[in-house]
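Input sequences plus hints: build the corresponding full structure.
These are the residues of each chain, in order.
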Amino acid sequence: MTIIVAVPDSIEGARALSAAATEAQQLGTDLVVCNLGLRPLDTASVDTDVKLTVVDRKGKDDRDPVDAVLDEITHRGAIRLVIGVRRRTPVGKAILGSVSQRLLLRSPVPVLAVKVDE
Amino acid sequence: MPHSTSKASKSGVTLPPLRPGPHQRRMDVVAVVATFGGLLFGYDTGVLNGALEPMKQDLALNSVTEGLVVSSLLIGAAIGSLVVGRMSDSLGRKKTLTILATIFLVGTLGTVFAPTLGIMIPARLVLGFAVGGASVAVPVYLSELAPTERRGTLGGRNELAIVVGQMLAFVFNAVIAGLWGHHEGVWRYMLAVCALPAIALFLGMLRMPETPRWLISKGRHDEALAVLMQVRTKDRARAEMAEVEHLAEEEVEAQTGGITDLAIPWVRRIMLAAVIIAVAQQFTGINSVMYYGTELLQIAGFSDNAAPIANVSLGVMAVIGGSICLFVLIDRIPRRKIIITGLVGTTLCHGLIVLASALLPDGKFRASTILALVALLVLVIQITLNVPVWVCLSELFPLRMRGFGMGVSVLVLWLANALVAQSFPTLVSIGGITGTYGTFFVLGAIFSFLTWKTLPNTSGRSLEELEESFMQGDFR
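Going line by line, the protein sequences match chains A and B. Numbering-wise, the first sequence is residues 149 to 266 according to my numbering. Numbering-wise, the second sequence is residues 334 to 809 according to my numbering.
Read the hints as simulated data drawn from the structure, not as lab findings. Incorrect hints may appear among the rest.
Unchecked claim - Computed cross-link-like contacts, BS3-like style, restricted to lysine-lysine with a CA-CA straight-line distance of at most 27 Å:
id: 1; chain 1: A; residue 1: Lys208; chain 2: B; residue 2: Lys427
id: 2; chain 1: A; residue 1: Lys208; chain 2: B; residue 2: Lys389
id: 3; chain 1: B; residue 1: Lys697; chain 2: B; residue 2: Lys389
This one's a predicted model, so the numbers in the text were calculated from it and none came from an experiment.
In structure tokens, the structure reads:
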């Protein structure tokens, strides 16, 4: 069994990763980390007894991070998705869209959304 | 130099040295034919400079429709630069270039025989599509066939082909104006000359090979090896297959990033720096000189007969500047330094042109002073801002961001070019040379400052080092 965590290159990414590690430990599952950023992900902060696989985005098919995560969920038969959320300005959302919102609405499995302290 | 030692490429594949032989000649022919794409690009963008004056009377153009005839090509080019990347991925590089040569020819015939503005504008759009397409497809074709050791200079050579194309257009226009200036519709003769390099490119491309990189990306490994065998020695061809496969893989990776990644501050910051230098390069007004030089010189005080000839000197300056940049300076001065120096230098030139135009009394001296200053402007831009901006753009983006980043930058560059080309005749009719170059002076000052604030230095640092410091918020 596997749970998937979506980790963007931001604070909510780090928050999601640590929450997902705890979740995986409690459920006794593997953890697949979808690195949504464009640089290599540092997973040193995660508890070592969780089996962890990092998946990077690659190529045109992964240009939209939402597609990259949804593909991974189906592909790995995951039972849960963990994401980090944060308050966004309407303007920012209008221009760049919200990855978290689309993941919440489109994920075929239950989503655990963790907030960043503001 | 590069011929004597073997070289370990980025993929870690050690390649046998380049050795002369029949394959070398084949490679040279490939480079010459593909460079016709750059030549055509230059010729088609430069040919209106000189053809515009007689056309204005024939087609009854005002300053807005005159701008439209020029800028419609650039809007077409913006579209072409977007579409052709995809086209050359799915159809192949060779087929794409052959199709572009045909579009060049169709567009040229459209402009030559256009009876009214209603036909001229769509024909220029079509021609622009080919121009923008060539700006994307030719460098890709050349770099995918050239050996690693020669790849760097080939891209620059394409830029040089573009300015040579513009200079040739100025020369042919001056000759045609001198010989048949009294003919009605002499501009049609000028535009018709563009058909010759288009035919040469078409016939040439029929005999050129597809690139190994594209063949490999389609899983056609045997054909890729066969092509490499034509343009390399046998041992080198086999060794290079591994490198090409690595590059094809990298190409896929470069397409990863997209618009959602702009949510990350460091990515947004790089994108901003790229867009600023792209716009800054066009707001120097380089292309208003390349497109409207003859008209500009007539306003400065040259006679209708002398202006096309004086205009040739601007084309020659562009070629000299481009050569100095490419063969002497490009790898000796840090990119940030050369670009900022260039922006400050061009802004000073704008200022001097304003002073000369405002203070000097009408006459031969004013005319030749302005010619000298505009020539200096062209020289400075070609030495410091043409090739260096392109090289800097390609180095600025981390690998996974490169496809999207370059795409946006090139689009912005064409649109800024179109904006300047569209407004130039209107600016001149309202403010004359003083007002027009006063505007360029102010824009130049603003963009020099913005560039100074945002542009990191990309030369002398590996791409990994750059990425590292960008992520830590250090953009110098």
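Going through the hints against the structure:
no.	hint	result
1	A:Lys208 <-> B:Lys427	holds (23 Å)
2	A:Lys208 <-> B:Lys389	violated (46 Å)
3	B:Lys697 <-> B:Lys389	holds (25 Å)
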